[in-house]
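Novice: Starting from the structure of chain U, add chain S where the hints point.
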Amino acid sequence: MISLELLLKHMGWANQEIYKAVQKLDSKVLDYYIVDPEWTVKRILIHTVSAAHSYEQRLAGNDLVKLELDNPDSHEVIDELLKHLERIDNDALKYVDMEDKDIHYVLSDGGERTSKASTILSQMVFHSAEHRAQIVAALDKHGVRDINLDEYSVWGYQLKTN
Amino acid sequence: MISVEVLCKHMAWANQEIYKAVQKLDSKVLDYYLIDPEWTVKNIMIHIAGASHLYGQRLNGDPFSKFELKNPDSPDVIDELLEHLERIDTQLVKNSNLDDGVITFMTSKGERSAAASSILSQMVFHSAEHRAQIVAALDNHGVRDINLDDYDVWSYIDNTKQGD
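Residue numbers (numbering that gives the first Met the number 0), protein chains in the order written: chain U, 0 to 161; chain S, 0 to 163.
Here chain U stands alone, though its shape is the one from the complex (with noise of 0.2 Å):
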């Protein structure tokens, strides 16, 4: 059987590069949208992470606790993600040995759900991927093309790691 672990480690890898990545560009690139002006660079950035933090919450048992944040209007909030992206997706990589148990929770509307673990773990790969898509194509947008994703494959994260 193939282990999730590879794409656990690859997620935790490109996360942290395109969020680095998008930190070295002009800090007005974090208001490019493709077409929902909801939609901002930053406020895809935000929603990664602070999807990725329920996840984990889950996976952990916790209660859930809404992600907060010290700085989410500034160009700094960047470096407070980069920190949870590491705190959590190392988190994540733990629970790739568990067994495949269910797990029942509570979630933000305040019903309830259970899932296997799988579902949440893989979900949490999923959605940071598709989401790392759009950030790069709203950047895409405007003009901005310094973030190529074929270097974020993972193929590139094993050349870059070994």
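Hints listed in this document are in silico derivations from the structure and should not be mistaken for laboratory results.
Glycine included, C-beta positions come from ideal geometry on N, C-alpha and C.
Derived SDA-like pairs: lysine to any residue, alpha-carbon spacing no greater than 25 Å straight-line: (1) U:K100 x S:T159; (2) U:K8 x S:D148; (3) S:K93 x U:A116; (4) S:K23 x S:E67; (5) U:K93 x S:D151; (6) S:K65 x U:S152.
Partner residues aside, some chain S positions facing chain U, computed with beta carbon under 8 Å: (7) I1; (8) L6; (9) L33; (10) I34; (11) S120; (12) F124; (13) A127; (14) E128; (15) A131; (16) Q132; (17) L147; (18) D151; (19) W153.
Specialist: Same frame as chain U, but now just chain S:
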């Protein structure tokens, strides 16, 4: 141990669902792109299936064969791509239960080796990333029919009654 099986099954489902959703739109959307005219919706759709074809060959231990399409310039190409994806992704789900070992394969640049986990993980990641780009290109032209939230892992579980 948590395996990649759920993500492989989700990929297979999401590929079918998104390609079918694009197929329902006006065929002119196949020429839409975000910023690079080389990367139209159609080219991204072909690229995902073509890359998966290569990754699948490597995992299956099959000899190299080029990904060929009968109607690459027609909207009918989506039917072809859906058939290819079903074949490739069905086999991939079986491969998620393989023992992880090193696979040697031929590329256009000669012989290469990679762990089965690397090829499989890249395949899953690659299609997820490019599906998001397809929808971004549509969004950019005001075609908002496809909401990616409907194609996440939660939706896969809910829509296929996987007993989560």
